[in-house]
Amino acid sequence: MQLHPNTRIMREGPALSQIETFYDVMRRQGITRRSFMKYCSLTAAALGLSPSFVPKIAHAMETKPRTPVIWVHGLECTCCSESFIRSAHPLAKDVVLSMISLDYDDTLMAAAGHQAEAALQDTIEKYKGNYILAVEGNPPLNEDGMFCIVGGKPFVEQLRHAAEHAKAIISWGACASYGCVQAAKPNPTQATPVHKVITDKPIIKVPGCPPIAEVMTGVITYMLTFDRLPELDRQGRPAMFYSQRIHDKCYRRPHFDAGQFVEAWDDENARKGYCLYKMGCKGPTTYNACSTIRWNEGTSFPIQSGHGCIGCSEDGFWDQGSFYNRVTDLTQFGVEANADKLGVGAATAVGGAVAAHAAISALKAAQRKTQSEEA
Amino acid sequence: MANQSIHTPNPDVEVLRSAQLTGDATADDIESIRKRTSVYVYEVPVRLWHWVNALAIMVLCITGWFIGSPPPSMQIAEATHQFVFGYIRFAHFAAGMILTFGFLGRFYWSFVGNHHARQLFRLPLLNKHWWSEIWFEVRWYLFLEREPKKYVGHNPLAQAAMFFFMTLGITFMIVTGFALYAEGAGQGSLPDTLFGWLIPLVGNSQTVHSLHHLGMWSIVIFVIIHIYVAIREDIMSRQSMVSTMISGHRTFKDDRPE
Numbered sequence: 036m037q038l039h040p041n042t043r044i045m046r047e048g049p050a051l052s053q054i055e056t057f058y059d060v061m062r063r064q065g066i067t068r069r070s071f072m073k074y075c076s077l078t079a080a081a082l083g084l085s086p087s088f089v090p091k092i093a094h095a096m097e098t099k100p101r102t103p104v105i106w107v108h109g110l111e112c113t114c115c116s117e118s119f120i121r122s123a124h125p126l127a128k129d130v131v132l133s134m135i136s137l138d139y140d141d142t143l144m145a146a147a148g149h150q151a152e153a154a155l156q157d158t159i160e161k162y163k164g165n166y167i168l169a170v171e172g173n174p175p176l177n178e179d180g181m182f183c184i185v186g187g188k189p190f191v192e193q194l195r196h197a198a199e200h201a202k203a204i205i206s207w208g209a210c211a212s213y214g215c216v217q218a219a220k221p222n223p224t225q226a227t228p229v230h231k232v233i234t235d236k237p238i239i240k241v242p243g244c245p246p247i248a249e250v251m252t253g254v255i256t257y258m259l260t261f262d263r264l265p266e267l268d269r270q271g272r273p274a275m276f277y278s279q280r281i282h283d284k285c286y287r288r289p290h291f292d293a294g295q296f297v298e299a300w301d302d303e304n305a306r307k308g309y310c311l312y313k314m315g316c317k318g319p320t321t322y323n324a325c326s327t328i329r330w331n332e333g334t335s336f337p338i339q340s341g342h343g344c345i346g347c348s349e350d351g352f353w354d355q356g357s358f359y360n361r362v363t364d365l366t367q368f369g370v371e372a373n374a375d376k377l378g379v380g381a382a383t384a385v386g387g388a389v390a391a392h393a394a395i396s397a398l399k400a401a402q403r404k405t406q407s408e409e410a
Numbered sequence: 017m018a019n020q021s022i023h024t025p026n027p028d029v030e031v032l033r034s035a036q037l038t039g040d041a042t043a044d045d046i047e048s049i050r051k052r053t054s055v056y057v058y059e060v061p062v063r064l065w066h067w068v069n070a071l072a073i074m075v076l077c078i079t080g081w082f083i084g085s086p087p088p089s090m091q092i093a094e095a096t097h098q099f100v101f102g103y104i105r106f107a108h109f110a111a112g113m114i115l116t117f118g119f120l121g122r123f124y125w126s127f128v129g130n131h132h133a134r135q136l137f138r139l140p141l142l143n144k145h146w147w148s149e150i151w152f153e154v155r156w157y158l159f160l161e162r163e164p165k166k167y168v169g170h171n172p173l174a175q176a177a178m179f180f181f182m183t184l185g186i187t188f189m190i191v192t193g194f195a196l197y198a199e200g201a202g203q204g205s206l207p208d209t210l211f212g213w214l215i216p217l218v219g220n221s222q223t224v225h226s227l228h229h230l231g232m233w234s235i236v237i238f239v240i241i242h243i244y245v246a247i248r249e250d251i252m253s254r255q256s257m258v259s260t261m262i263s264g265h266r267t268f269k270d271d272r273p274e
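Line by line, the protein sequences give chains A and B. Position one of the first sequence corresponds to residue 36 (my numbering), numbered consecutively onward. Position one of the second sequence corresponds to residue 17 (my numbering), numbered consecutively onward.
It cannot be assumed that every hint is accurate.
To be verified - So the derived label-pair ranges between C-beta atoms look like this: (1) B:Trp213 with A:Glu192: 27 to 35 Å; (2) B:Thr209 with A:Gly187: 47 to 55 Å; (3) A:Leu398 with B:Leu142: 32 to 40 Å.
Source of the hints: derived by calculation from the structure; they are not laboratory data. All C-beta atoms, glycine included, are put in the ideal place defined by N, C-alpha and C.
Could you put the whole structure together from the sequences, leaning on the hints where they help?
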């Protein structure tokens, strides 16, 4: 059975893999220095850095050894990997073959079975404390983790084992970051996001179902170039991609401010491209870069193709009622209830009670008056 | 001295015993009743806050409803020149700011204002008489008491209701409201620094929206009861109600001591 190219390099001797830099690998692949410098400029631009960072990126890539990455898969659907391999800037191929040393990824690697597990073990031992652990999916904790078995063992054991000596952890997608659909109520397998299982490592969350390809490769590029985590927001997401809502940069925002909304999927307003707020668009509550970076090489994103955002990069987005309601349904109070229907009902009931109380008060007062007159 | 006063002084009678025991009526209040026909209860800042707050809540409820369920789309001009929903949101945020700073000012006044200005912010939970007076008020509203008592400030039941629906309710609305406002203001902004922690704590911004809506409805319910009870008490109780929040003076309809 053929091994993954990187796995083979590593097996031939750790020295080679450790000494080889990004630049060496790129030159070996026939990339000219001119192209290499262009690549550094584009990377700087993609990360929002000034041109003065280009020589720094070039220097880092010329001198730093490639960082080993272990990519493990728990309860997930592989949509993160599917997204990742479609990255255009930089190309996923460049990331996997040139920038990182992807030493274990059971979806992308050629090795399988015992060989694959051996590759994982080798990487952990050889690069203790130096490798990055990328987690796609999450571990289910119920029944001792038996709902997700990798290599004959519960995934949670593989995760703990691989995380023990990792330098940092990347939580890919909504599953690893927040739990996603398998953690939606009632969460029978007790699927648990990575940061609630591994608590002693720096964790960077890259939520989304899946995350945008360029966001994934951008995060990796940043971490390898600067050898540190990018600036994170309060929830542990890279601020450069998750600091603004879809709504803040949405090209339909002027229609929102004007009060021009799509009222039905097939109305004239939908054809005119009005705001999808009334159709339950979750853009105003969702932090992601879809409205700026967009998808498939910047071709489009859900709102641009006429459908509201479903808020897939937010915590517990499956438990926020229908994708098509602006005001979330509160199922505790019946299928058709939401906060406002409940409030109108309660206010009406109280209003009725007040009216009844007023009527009784008046009757009582009248009665007392009559009694005092009789007395 | 009696002929210099329209009242006949009667120093032997103990006045408003229940109100004194719960801490509602102070010695000064009692002295005031003996000398004057009214007690000055609500000072200017308290009255001003009450009406500004009422107006702000009204604006907030109406605009808040429209933010959750926008009015039908309007085609007055091109989107560039039309700002209907923007103005609705602006009114909501502006009223929210006024409510917040008014509330902070009201809290400050509870330290420097008169005895009654503290009622909204401090409940005499350890006072047994206060609890029994709450029970008395409940019985009054259930038509089990023939005659209401006299109070100088808020009656104990009203005080408890105002503390939970207004003091706690408004605090809840300010915190959730600013957390949602922080999303528009952006990460790193002042509202985000002060209140942005709430959304990760709750989990999802949509949930915070729902809580903010429920908070509004609890205030709407309070407002319904508050207005009803104020008018009812104005008619049926033995003291002034509505005019007290305009003039600040509490007048009593009879001269019985309790």
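Now the hints, each set against the structure:
Distance hint check: the CB atoms of Trp213 of chain B and Glu192 of chain A are about 34 Å apart, consistent with the given range 27 to 35 Å. With their beta carbons about 49 Å apart, Thr209 of chain B and Gly187 of chain A fall inside the hinted range of 47 to 55 Å. Taking 32 to 40 Å as the suggested C-beta distance range, the pair Leu398 of chain A and Leu142 of chain B conforms, at roughly 39 Å.
In terms of the numbered hints stated before, the structure departs from none.
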